[in-house]
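Colleague: Chain A is fixed; fit chains B, C and D onto it per the hints.
Protein chains: 4
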Amino acid sequence: MLNFESDYLEGAHEKILANLVATNEEKLTGYGNDIYCQNARQKIQAACEKPDAHIYFISGGTQTNALVIASMLNKTEGVLAAETGHITTHETGAIEFTGHKVLTLPQKVGKISATDVKQYMKNYWNDGNRDFAVQPGMVYISQPTEYGTIYSKKELTDISAVCDEYKIPLFVDGARLGYALASSENDVTLAELADLVDVFYIGGTKVGALLGEAIVFTKNNTPAHFVPNMKQQGALLAKGRVLGIQFDTLFTDNLYFEISKNAIELADLLKAGLKEKGYQFYLDSPTNQQFIILENKKMEKLKEQVAFGFWEIFDDSHTVIRFATSWATKRADIEALLAIM
Amino acid sequence: MLNFESDYLEGAHEKILANLVATNEEKLTGYGNDIYCQNARQKIQAACEKPDAHIYFISGGTQTNALVIASMLNKTEGVLAAETGHITTHETGAIEFTGHKVLTLPQKVGKISATDVKQYMKNYWNDGNRDFAVQPGMVYISQPTEYGTIYSKKELTDISAVCDEYKIPLFVDGARLGYALASSENDVTLAELADLVDVFYIGGTKVGALLGEAIVFTKNNTPAHFVPNMKQQGALLAKGRVLGIQFDTLFTDNLYFEISKNAIELADLLKAGLKEKGYQFYLDSPTNQQFIILENKKMEKLKEQVAFGFWEIFDDSHTVIRFATSWATKRADIEALLAIM
Amino acid sequence: MLNFESDYLEGAHEKILANLVATNEEKLTGYGNDIYCQNARQKIQAACEKPDAHIYFISGGTQTNALVIASMLNKTEGVLAAETGHITTHETGAIEFTGHKVLTLPQKVGKISATDVKQYMKNYWNDGNRDFAVQPGMVYISQPTEYGTIYSKKELTDISAVCDEYKIPLFVDGARLGYALASSENDVTLAELADLVDVFYIGGTKVGALLGEAIVFTKNNTPAHFVPNMKQQGALLAKGRVLGIQFDTLFTDNLYFEISKNAIELADLLKAGLKEKGYQFYLDSPTNQQFIILENKKMEKLKEQVAFGFWEIFDDSHTVIRFATSWATKRADIEALLAIM
Amino acid sequence: MLNFESDYLEGAHEKILANLVATNEEKLTGYGNDIYCQNARQKIQAACEKPDAHIYFISGGTQTNALVIASMLNKTEGVLAAETGHITTHETGAIEFTGHKVLTLPQKVGKISATDVKQYMKNYWNDGNRDFAVQPGMVYISQPTEYGTIYSKKELTDISAVCDEYKIPLFVDGARLGYALASSENDVTLAELADLVDVFYIGGTKVGALLGEAIVFTKNNTPAHFVPNMKQQGALLAKGRVLGIQFDTLFTDNLYFEISKNAIELADLLKAGLKEKGYQFYLDSPTNQQFIILENKKMEKLKEQVAFGFWEIFDDSHTVIRFATSWATKRADIEALLAIM
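Residue numbers (the working numbering), protein chains in the order written: chain A, 1 to 341; chain B, 1 to 341; chain C, 1 to 341; chain D, 1 to 341.
Don't take each hint at face value.
[Said to hold, decoys possible] Here are the simulated DSS-like cross-link-like pairs (lysine-lysine), alpha carbons at most 27 Å apart as the crow flies:
(1) B:Lys261 <-> C:Lys27
(2) D:Lys275 <-> D:Lys108
(3) D:Lys330 <-> A:Lys27
(4) D:Lys43 <-> C:Lys108
(5) B:Lys297 <-> A:Lys122
(6) A:Lys43 <-> A:Lys108
[As the list claims (entries may be wrong)] Partial list, derived from the structure: chain D residues whose beta carbon lies under 7 Å from chain A:
(7) Asn3
(8) Glu25
(9) Ala94
[To be verified] Estimated spans, in silico, between C-beta atoms of each pair:
(10) D:Asn33 <-> A:Lys298: 21 to 29 Å
(11) D:Asp164 <-> A:Tyr124: 51 to 59 Å
(12) C:Lys122 <-> D:Glu14: 39 to 47 Å
(13) A:Asn129 <-> B:Asp52: 35 to 43 Å
(14) C:Glu14 <-> B:His90: 32 to 40 Å
(15) B:Pro106 <-> C:Glu14: 50 to 58 Å
Just so you know, the hints here were simulated from the structure itself, not pulled from any lab data.
Glycine included, every Cβ here is placed at the ideal spot set by N, Cα and C.
Pulled out of the complex, with its shape left as it was, chain A reads as follows (with noise of 0.2 Å):
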C-alpha cells in the first residue's frame, strides 16, 4: 500500500535520532536553557542573517498559532487571515478559545492580497463606529498555503509594507516553510523572509523532525511576558532539549534546507507524471501538496492501492484529492504512484 496521505507519515530524520541517542544521558537543564537550545537558536539566527532575533521552540504548530496571536494581540484586537486559513479552518477554534476573533479576508489559491489587507485596515479607520469592531491588530499569512501555493517577494513585500503602514505584526505560519524555501517558484530567502515579517515559525513537525517548530520574533521584539504565556498556555516543554537537539541537528550543514529539496524534487516529479497522463490539478501548486481531480469511481479505486488525502467535494461526481511528499519520500514510491495512476 503506498501512502502519500500527509506529510507527517514517518519518525524523525536519521541524524535527529543519532543526536538524541548520543546527547541522551547528558544532564541538561529545562525550558528551553540548555546548550543544545542555544546552539539552535545561533544557528537559526546564523540561517535568517538575524542575530538579534529571538527563537522559542514548540511541540506543534496549532499551539503556536494560538500562543504567537495570543501574547502578541491586545484583548479587543483580531487577527486577519485568509477564510481557507489554517487558524481559521482546521483548529477547532483554538484561536477564538483564547478570546480572539479571526477576521477572515477573501483568498486566491490559498493567498490573501495586500489590498484587500488595506482595505480591510482602512475601512476599520474610518469606520465611526469602530470600537463596536473588532480591531485587526495583526496579519497571519501561511508560506506555503494550506493549499500548496506561495506568496511571492513582491506580494510579501506589499502585504508588509501595509501592516507597517498600520503598526501591525506580520505572522508567517511556516508548518512548510522548508518546503517553500525549495521551491523553483520561490524567490524569497529565508533572511529577506525574516526581514519581511515580525514574527514567522520555522515548521519541524513536516520537515524532518519527530515534532517541533521554531517560532523567531525577527526584530528583538518577543512580546513582554512571552516565556509566562508559554506556561499559561501550556507550550513550555520540561525537556526543552528534544526540541533543541532537533533544531540544532537541522539547522547543521543546512539539513533543513537539504531535505526540503527531497520533498520539492519528488513531488515536481509527480507533478509532471500526472500532467503527463492528462490528470486536472485543483490548482498550480509549486510544493509538496498536489491537488487533483478526480472521478469518484476512479478515486474508490485508487484507494484500494494508494492512501491520500480527501480534500473537498469537486462536484456531484468528482473529488479533491491530495498527495503530499516530504522530506522521507522515495522517489521509487512516486514511480509506483505514477504507475498505478
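Modeller: Using the frame of chain A, we list chains B, C and D on its own:
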C-alpha cells in the same frame, strides 16, 4: 435639528416612568426575584402562549447575546450567524471573548437561509476531519435583521426544522422584535415565534424601556447553571426591579405591541414619502429602519438639518444612510423630514 | 415586616426619578456621549479634585470589577485581593472567566495590609521560577470592605506606596463608597482617595441610584482600548443617559454625600441601641452594615418580624447576621427594630 | 558537578530510543490513531485492570491539567485543589486561562483531606447565595504530591467517597506516579487507584520518556468533545506515534514500574545517609524528592559542587532545598553526594 439617528434616542414610555415612581419606595428583594419580575414573567408567558417558558431580564443586547450563547454551547462549539449579524460585526468580538467562534453564513438582505444552514451542518457532519473544525452548535438570527428585513413564517419554520433535525437550538435576537411583529409584512405571531425557536429575547432598550431585554427560553429549557452564568458574565442586576417593572408595564394592556405600531406607521409614511420623491432604497425594509442611497454632496447638506445613521459606502460618490423611527417618533418629525428632503 | 436585608431594597432617590422624567423626551446620543454623562463627569472630576480623571458609567459592580481588571492586566497577570474580597468569593468567578487569577492575601476585619502586599511582591520578584507563577499585576481593595470596615488614610497610603514601588495599579471597589466617606471614623476625603489610587468606582446601585457605578481613572490613565473592552464585555449601555442623568443628579449639590450620611446616622443609632441591649458584635463596623452574633433560636424568632442577612455560621448554636441601612432607611424603622430586639 | 536539580535531567530510557529508531521509517497515521498508540492503550488498560478505560497521550503536564479540567467542567464550575497544588501555584494560571477558578483547600505535607473536601462541598450546597460562588465541580490531587508525600489507600478512598457523594470527578495528577507506586510506603496499586478516581494521568516526562503524559479516563467516561478539546487547546500532536511508541515501551515488561524503583531505592539511600549525617528534613517524603533545611552559608558552599532545587526560604538563615532522584540516577552519584555533604 431633526434626529433619526437611532431608535434609542429618548428615555422610556411615560407609563414605565410612572410605575418606577409609583413603586419606588417599596422594599423589594434583589436579583430578579421581586414581584414585578414575577408579574412580568407571567405576562410574557401569556403573550407567548408558553406557560412553561423561563424568562430572565438583562440590561443590554450584547450582554444578552454573549450570555445566551456562552451558556448554551460546549467549549468546542460555535454559533452560526449571518456575515452581517450583529454578533458577527458589531459587538467587538463579545462572543469570541467567551471562547466561541461565530461561524458565518452568506446573507441576502440580512437573512440566512435554511438551505445554507442545512448545507453547513451536512458538510460538518460529513467531514472526516470534523474534530479539527468548530462544531456548529446553535443558529443565531435577528428578527428583524440588522437591515430591517424580517423572516417569514415559512423561512423561520424551515430554519427551525433544520435545527431540530440536527438537534441544535435556534436563537432569535429580538432587539427590535416589536417592530417586526408590528410590520404589515409580518406573518409570524409572538406565540408562533416562541413555538419555532428555543430561545429568543424581547428587546426593551429600543422599544420603550430605559434599558432591558427579556430572554425567553421557550420550552422549559433553561441551560443548567444559567443564573451563575449571568452572575459570572456580569449580567445579574442587583435591583432586578428596574427591569421587572419596565417589562411588567410593557406587557400590560399590550403596550409593547401598541407602541411598536407607532414606529412602523411612521416608517411606512417616511418610506412612501421618500419613494414618491424618487429616492433610491438600498433594500426594501418593512420595519422601522429605512436605508437609502444618497449622493455624497446631498448627504453633506442634509447633515446640517438632520441627524441620521451612516451605514456604508455605496460607491465613490454615494453613501447608504439610515433613518430610524421608534415608539417615540412623532408624525410631525416625519413630515418635517419629508419637507426637507 | 421590617426589612434590613440589604442596601438595595428601594428604587432611587426622588431627585433622580424627577430628572429621568424631566429629561425623558430629549433626544440624546447613545453610549455615554450625551450631555448628562458629560455633566456628571465634570461634577465627579470636581468632587475628586481631579480635572484629568476619566470617568465611565457601568450598570453593576461585578461587571465593573471584571471590566477594570481584565482591561488593565496582561494575560499572565492576576489581581491581589483579600481572601474575603468580593471578587474572590461572591462573583461566581467573573474574574477567572476573563482569564485572570485572583491571588489571595490574608485579611483582618476584611482588610489586607501593605506589609502583606509588599511581602507578596517581594516573594514574586525574588522567585527564580516566577515565570511559572501568575504575576501580581494589580491590587484590589474595597472601601468600605465587605465587612463594613474602612481603610484609614495611613493604611491606604501604605498600600499605595507599595503599588507605586512595584508599578502596579491600585483599584478600589467603591460599591458602598458613600458610606465609607460618611463614616465618623473615616479620615480619607474623596480627593485624597483619588490621589492614592489609580482607579476606583463610585457605587450608585447601593447609594441612591436605580443602577450604576462610575469608574474613575484618576490620572489621565484609561487603559488603551477601554471603550472596546466595555463593548466586548457587554458593559456599554446604549442609553448611557440612564446612568449619566443619575450620576449628574447624585453629584449635584452634594446629594451623594448627603444621602450617604443618612445610612451612617441610622447605622450608628442601631449600633448604639444594640450595644446597649448587650448584643455581641461580630466585628466593629463604622459603616452601614452591622454584624451581630445571634443565638439560633432567637434568630428564628426574629425572622418572623424582620428580614435581615444571614452572614455565616458562628458556631453550632449561633449565627452571624447582618443588618444593612441605606440612604433610604427611615429612623422609625430603626426604632421599631430596636423595640423588637 | 553533581546534579540533583530535577527528575527531568536526562533524555529517555534507552529502550524508548531504540524503539523510536526501529519504527522510524514506518509510515503511520497521525493524531494518536497509529498502532503504537493502540498498543500502548491496551497495555495501560491491562496495567490498570480497566479494559474500558479511555487513554489519550499529551505532551506535557500543565497542558494535561488545563485540558482535563477545562473539558470536564461547566463554565461556572471550579476545581478544588491544595493551596500547594501544582495547578494552584506553578502553572502561571493555566487553569484560569481556560476560564476556571482553582478553589483552594488547606494542606498538610502537600495533601488535602476528605474532611476538608466534604466541608467545602457542604458549605457550598448549604449556601443560600451559592449562585454567586464558583461551584466546586472537581477535585484535583497529585500522587505523589508536590512535596513527595503520598496519599494512602484510606485517604484516597475517603476523598473518592466524598466525590461520589457529591457526584464530582476526582482527578489525580500523576506527573510522578511511578515514584508513588514504587515507594515502600505506598499501599495503593495502579488498579486500585484507577478504581478510586475518575481520571488520572501517568507521567512520562519525569519517568523515562522524552516527553509525554497518558491521560486515563478510568470508566468509559471521556467527556463529550474531548478530541476537539485537545485540538482546541493545542494538545493534539500530529505525530502521535512519538507518544505512543514511548508509552508502548514503558508499559512493556513492566518497564515503567522497574525504572521507577531505581529512583526510590536511591532516594531511600540518600535519605538514610542524610539522616545519619544529622540533616534536618523539611518533611518526611517517601518518594524521589527529598527536602532538607540547610544553613544558608552551607548551601552556598554546596552549590559549588552540586546542583539542587531551591524550594523556599525557611527562616533568615536557612533555606529548604530539594534533591530529586529519577529513573536515570546512578548509585555512584548518590554516594558522591553523601561524601560531599
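Colleague: All hints, please: hold or fail.
Modeller: Here is what the structure says about each hint:
no.: 1; hint: B:Lys261 <-> C:Lys27; result: holds (20 Å)
no.: 2; hint: D:Lys275 <-> D:Lys108; result: holds (22 Å)
no.: 3; hint: D:Lys330 <-> A:Lys27; result: holds (12 Å)
no.: 4; hint: D:Lys43 <-> C:Lys108; result: violated (54 Å)
no.: 5; hint: B:Lys297 <-> A:Lys122; result: holds (22 Å)
no.: 6; hint: A:Lys43 <-> A:Lys108; result: violated (35 Å)
no.: 7; hint: Asn3; result: holds (4 Å)
no.: 8; hint: Glu25; result: holds (6 Å)
no.: 9; hint: Ala94; result: holds (5 Å)
no.: 10; hint: D:Asn33 <-> A:Lys298: 21 to 29 Å; result: holds (26 Å)
no.: 11; hint: D:Asp164 <-> A:Tyr124: 51 to 59 Å; result: holds (54 Å)
no.: 12; hint: C:Lys122 <-> D:Glu14: 39 to 47 Å; result: holds (45 Å)
no.: 13; hint: A:Asn129 <-> B:Asp52: 35 to 43 Å; result: holds (39 Å)
no.: 14; hint: C:Glu14 <-> B:His90: 32 to 40 Å; result: holds (37 Å)
no.: 15; hint: B:Pro106 <-> C:Glu14: 50 to 58 Å; result: holds (53 Å)
Checked against the numbered hints listed earlier, the structure breaks hints 4, 6; every other hint is satisfied.
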